[in-house]
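Asker: Single-letter residue listing:
Protein chains: 4
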Amino acid sequence: MKAADVQAIIARSPYLSWLGLQVIELGNDEITVKATWREEWVANPTVGQTQGGILAALVDFAADFALIERMGRPVPTIDMRIDYHRLAKRGDLTAKGRVIKLGKQFSVCEAQVYDEAGALIASGRGAYLTTAPDS
Amino acid sequence: MKAADVQAIIARSPYLSWLGLQVIELGNDEITVKATWREEWVANPTVGQTQGGILAALVDFAADFALIERMGRPVPTIDMRIDYHRLAKRGDLTAKGRVIKLGKQFSVCEAQVYDEAGALIASGRGAYLTTAPDS
Amino acid sequence: MKAADVQAIIARSPYLSWLGLQVIELGNDEITVKATWREEWVANPTVGQTQGGILAALVDFAADFALIERMGRPVPTIDMRIDYHRLAKRGDLTAKGRVIKLGKQFSVCEAQVYDEAGALIASGRGAYLTTAPDS
Amino acid sequence: MKAADVQAIIARSPYLSWLGLQVIELGNDEITVKATWREEWVANPTVGQTQGGILAALVDFAADFALIERMGRPVPTIDMRIDYHRLAKRGDLTAKGRVIKLGKQFSVCEAQVYDEAGALIASGRGAYLTTAPDS
Numbered sequence: 001m002k003a004a005d006v007q008a009i010i011a012r013s014p015y016l017s018w019l020g021l022q023v024i025e026l027g028n029d030e031i032t033v034k035a036t037w038r039e040e041w042v043a044n045p046t047v048g049q050t051q052g053g054i055l056a057a058l059v060d061f062a063a064d065f066a067l068i069e070r071m072g073r074p075v076p077t078i079d080m081r082i083d084y085h086r087l088a089k090r091g092d093l094t095a096k097g098r099v100i101k102l103g104k105q106f107s108v109c110e111a112q113v114y115d116e117a118g119a120l121i122a123s124g125r126g127a128y129l130t131t132a133p134d135s
Numbered sequence: 001m002k003a004a005d006v007q008a009i010i011a012r013s014p015y016l017s018w019l020g021l022q023v024i025e026l027g028n029d030e031i032t033v034k035a036t037w038r039e040e041w042v043a044n045p046t047v048g049q050t051q052g053g054i055l056a057a058l059v060d061f062a063a064d065f066a067l068i069e070r071m072g073r074p075v076p077t078i079d080m081r082i083d084y085h086r087l088a089k090r091g092d093l094t095a096k097g098r099v100i101k102l103g104k105q106f107s108v109c110e111a112q113v114y115d116e117a118g119a120l121i122a123s124g125r126g127a128y129l130t131t132a133p134d135s
Numbered sequence: 001m002k003a004a005d006v007q008a009i010i011a012r013s014p015y016l017s018w019l020g021l022q023v024i025e026l027g028n029d030e031i032t033v034k035a036t037w038r039e040e041w042v043a044n045p046t047v048g049q050t051q052g053g054i055l056a057a058l059v060d061f062a063a064d065f066a067l068i069e070r071m072g073r074p075v076p077t078i079d080m081r082i083d084y085h086r087l088a089k090r091g092d093l094t095a096k097g098r099v100i101k102l103g104k105q106f107s108v109c110e111a112q113v114y115d116e117a118g119a120l121i122a123s124g125r126g127a128y129l130t131t132a133p134d135s
Numbered sequence: 001m002k003a004a005d006v007q008a009i010i011a012r013s014p015y016l017s018w019l020g021l022q023v024i025e026l027g028n029d030e031i032t033v034k035a036t037w038r039e040e041w042v043a044n045p046t047v048g049q050t051q052g053g054i055l056a057a058l059v060d061f062a063a064d065f066a067l068i069e070r071m072g073r074p075v076p077t078i079d080m081r082i083d084y085h086r087l088a089k090r091g092d093l094t095a096k097g098r099v100i101k102l103g104k105q106f107s108v109c110e111a112q113v114y115d116e117a118g119a120l121i122a123s124g125r126g127a128y129l130t131t132a133p134d135s
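Protein chains in written order, with the numbering used here: chain A, 1 to 135; chain B, 1 to 135; chain C, 1 to 135; chain D, 1 to 135.
So that you can see chain A by itself, here it is in the shape it has in the complex (with noise of 0.2 Å):
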């Protein structure tokens, strides 16, 4: 699977669509997308930083998506675990996903999202079920 059919999986879905998810890289068990920031994210209009269930749907995707290339699929997410480092005031996001652990019954993956200006906002990491589709 290339980038390309990545951005196909995230244009038919109406979650990964409303993230405004771009492919930035794929590759090398790893992927890196760029998600555009929008209004309905903010979680305190005073504060303006974007709700943690955004930061966690993003580590959950790029972790997960980091196996695609192997997997052909999204995986299902057995669990996942973020960890909140600063707020993430108005602006786009960036998400990088890479393989920890590939494995035939599970697998263990982690993400790290970024800020405009490169600061670690958010990262986490988590199983993912990756047996064949018929098993």
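No lab work stands behind these hints: they were computed from the structure. You may find that some hints are simply not true.
What the hints assert, rightly or not - Capping the alpha-carbon separation at 30 Å, the derived lysine-lysine pairs in DSBU-like fashion look like this:
# : chain 1 : residue 1 : chain 2 : residue 2
1 : C       : Lys-101   : C       : Lys-34
2 : B       : Lys-101   : D       : Lys-104
3 : A       : Lys-101   : D       : Lys-101
4 : A       : Lys-104   : C       : Lys-104
5 : A       : Lys-101   : D       : Lys-34
6 : D       : Lys-101   : B       : Lys-101
Stated by the list, open to error - Here are a few chain D residues that face chain B, going by a calculated C-beta distance under 8 Å:
#  : residue
7  : Arg-12
8  : Asn-28
9  : Val-75
10 : Asp-79
11 : Phe-106
12 : Ala-127
13 : Leu-129
14 : Thr-131
Unchecked claim - DEER-style ranges, computed between Cβ atoms:
#  : chain 1 : residue 1 : chain 2 : residue 2 : range
15 : A       : Ala-119   : D       : Arg-73    : 25 to 35 Å
16 : A       : Gly-118   : D       : Leu-120   : 50 to 60 Å
17 : D       : Ala-117   : B       : Ala-117   : 48 to 58 Å
18 : B       : Gly-91    : D       : Gly-20    : 47 to 57 Å
19 : A       : Ala-117   : D       : Met-1     : 27 to 37 Å
20 : B       : Thr-46    : A       : Gly-118   : 52 to 62 Å
21 : C       : Ala-117   : D       : Leu-120   : 19 to 29 Å
22 : A       : Gln-22    : C       : Val-47    : 24 to 34 Å
Note that the Cβ used here is the ideal one computed from N, Cα and C, for glycine as well.
Take the given structure of chain A and dock chains B, C and D to it, following the hints.
Answerer: Just chains B, C and D, lined up with the frame of chain A:
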């Protein structure tokens, strides 16, 4: 803080409003909220399942707001773990949060997300920063 | 599998024997075990607290063995989260595990660890691989 | 704090001594330690694998002590996640920890555990309480 105060926080928040959150019950270090389904939640239109990031946002909201009577304000999430149990098909979701351990510096809370049939869709827990705001 | 069978698994295991585990109760996808304190558990002799790795081992054991009636064997841990709530002073510990969601490919369980006074010391949850052994 | 100071903390700690920890390298918010295998680590004598609680203790130690130069003391673990990648057969283990994000109130660190052949056995991350001791 009462249910109406939490509803006012939701009304002011672009993201919480977008989730269509309604406070059902608040008290005894617990909260129950309903989230109103919207088409943009869908991950894959063929399957129709709600994206994991929405479920993560609901777990985080319910876990955090289980502390709101005590804290009088939403508190920063340190980190969160979410486990995915079943696909969430189109439809409203209910999230229930409760405090596991209230601490002076950080507190631990958990939450469950249920579909309209009452099936457990996802659950998780997080650590929340509960130091006094000026510390 | 019955409590006596679990006790036999413990007896054969060097590590579980070292933890001094005794099965108190087993049934309904739940287990309660007691761990017998030993001096080697102490992290810092001035404070006298039990090291977090011991608590993690107890959470993992109790969560995994909550599945043992159903699975008939200990199953591989995919991952685990542990939250530390209070310092565990010198003394025996009790761990209680229960199944949150039994699945065909993986299952999620949680566990709590209590001290001799019944105070909650640590708690956590993990994902366990519950596919059939030959899959 | 230098490697010799960390080795002295280990020497005073019953549990860290029991793990047979030797500091290999310390610096730049990173630490590498070796743990000396012992028979009591074995979960199941037929398989011979090291129990997950030992691996959890190593991840927690290495993640926590990646902060020790900065903090001058071991700090309380708020919570930890561990992912299990491969069975650890009989033999010494090496754990490497590094700081992901240093914060004023809490910090996030990660660690990996490798076997004697250099294979990645387990990895994880935790949140650590890094407020000043008197706050």
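Asker: The hint says 25 to 35 Å between A/Ala-119 and D/Arg-73; measuring C-beta to C-beta, is that right?
Answerer: Because 28 Å falls inside the window, the suggested range holds.
Asker: Verify the interface restraint on D/Phe-106: the C-beta must sit less than 8 Å from at least one C-beta of chain B.
Answerer: Check passed: Cβ of D/Phe-106 comes within 6 Å of chain B, closer than 8 Å.
Asker: Under 8 Å is the threshold here; is the Cβ of D/Asp-79 close enough to any Cβ of chain B for the hint to stand?
Answerer: holds (5 Å)
Asker: Tell me if the straight-line CA distance from A/Lys-104 to C/Lys-104 falls inside 30 Å.
Answerer: holds (16 Å)
Asker: Taking the CB of D/Ala-117 and the CB of B/Ala-117, does the distance hold inside 48 to 58 Å?
Answerer: holds (50 Å)
Asker: Does the closest beta carbon of chain B sit nearer than 8 Å to the beta carbon of D/Leu-129?
Answerer: Result: holds, 6 Å to nearest chain B Cβ.
Asker: Under 8 Å, Cβ to Cβ, is where D/Ala-127 needs to be relative to chain B, so tell me if that hint holds or is violated.
Answerer: holds (5 Å)
Asker: Holds or violated: the 52 to 62 Å window for the beta-carbon distance between B/Thr-46 and A/Gly-118?
Answerer: Hint violated: Cβ distance 37 Å, outside 52 to 62 Å.
Asker: Does the interface hint hold: is D/Val-75 within less than 8 Å of chain B, judged Cβ to Cβ?
Answerer: violated (12 Å)
Asker: For the hint 47 to 57 Å, verify it against the beta carbon of B/Gly-91 and that of D/Gly-20.
Answerer: holds (55 Å)
Asker: Hint check: D/Lys-101 vs B/Lys-101, CA-CA at most 30 Å. Holds or violated?
Answerer: holds (25 Å)
Asker: Does the nearest C-beta of chain B fall within a distance shorter than 8 Å of the C-beta of D/Arg-12?
Answerer: Status violated, d = 26 Å.
Of the numbered hints given earlier, the model fails hints 7, 8, 9, 16, 20, 21 and 22; all others are met.
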